[in-house]
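Asker: Sequence:
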Amino acid sequence: MELFHLERAAAGDPEGLLVLHHGRGSDERDLIGLADLLDPERRLRVVTPRAPLQLPGGPGYHWYLVPRVGHPDPETFAAARTALAELHDRLWEEGGAGPGRTVLGGFSMGAVMSFATALSAERPAVAGILAFSGFVPTVAGWEPALDDRTGTRAFVSHGRRDPVIGVEFAERARELLEGGGLDVTYRESELGHQIDPAHLREAAAWLDEILCENEAEAP
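Each step along the sequence shown adds one to the number in this note's numbering, with nothing skipped, and position 96 is 96.
Just so you know, these hints were derived from the structure itself, not from any lab. Beta carbons: idealized from backbone N, C-alpha and C, even for Gly. Be aware that a few hints might be false.
Unchecked claim - Derived CB-CB ranges, DEER-like:
hint	residue 1	residue 2	range
1	Glu143	Arg29	28 to 36 Å
2	Gly100	Arg42	16 to 24 Å
3	Cys212	Gly58	41 to 49 Å
4	Glu171	Arg42	33 to 41 Å
5	Gly57	Cys212	42 to 50 Å
6	Glu175	Asp148	17 to 25 Å
7	Asp13	Ala205	35 to 43 Å
8	Gly100	Leu55	35 to 43 Å
Use the sequences and the hints to build the structure in full.
Answerer: Here's what the structure looks like:
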C-alpha cells in the first residue's frame with residue numbers, strides 16, 4: 001500500500017526529515033501548513049502522508065478503525081503501521097536524512113501513529129516524536145519498545161479541556177516515556193482538541209535544538 005503524500009522541500013540540502021501525520025477524518029493537506037511554522041528556516045524536508053482508510057459516509061481519511069478511544073482496531077492499525085514503515089524507509093532512501101535525523105509527528109490519530117511507528121521494536125529509533133493531542137496506543141499484538149529508544153526525544157502537547165482524547169492520555173504517555181528513559185518536553189494548555197499556537201512555537205525551538213545536537217554529534 002503506497003501512501004500518497006505532499007512535501008515541502010528544504011531550502012537547500014535537507015538537514016533532517018519531519019513527517020507529519022494528520023488526524024482522524026482529515027488528509028495530507030491538513031498539516032502541511034505547519035511546515036513553515038515548525039521549520040521557518042526550511043532546514044528540513046517536510047512530508048505529510050495521507051492515511052489509507054476511507055469510511056462510508058464520512059469525510060477524509062483514517063489511519064485505523066476506533067472501537068474505543070485509546071484502543072485501535074488491531075488489523076487496520078497493523079496495516080497502517082506497515083504502510084507508514086514502507087513510506088518512511090523510502091523517504092530515508094531518497095533524501096539522505098536517516099532515522100537519526102528524523103522527527104515523526106502528528107495530531108490526534110496522527111500523533112498515535114507517530115508514537116506507534118517511532119516505538120515499534122522492529123523499526124529504527126528516530127531523533128524525535130512530536131505528539132499533539134494523542135496517546136500511546138494499547139493494541140493486542142503490539143507493545144511500545146523503550147529500552148533502545150533512550151536517544152529519542154519527545155514533545156507532548158495536550159489540552160486540558162479536550163473532549164475527544166482526555167488529557168489523562170497525555171499524562172500516561174509522559175509517564176511511560178519518562179519511565180523508559182526518554183527525554184520528554186510536556187506541555188498542557190486550557191484548549192480542547194486542537195493545537196495551541198504557543199506550543200507550536202515551543203515545538204519549533206525544540207526541533208531546532210534537535211538539529212543543533214545532530215550537527216554537534218556529526219563526525
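Asker: Among the hints numbered above, which are violated by the structure, and what are their numbers in rising order?
Answerer: 7
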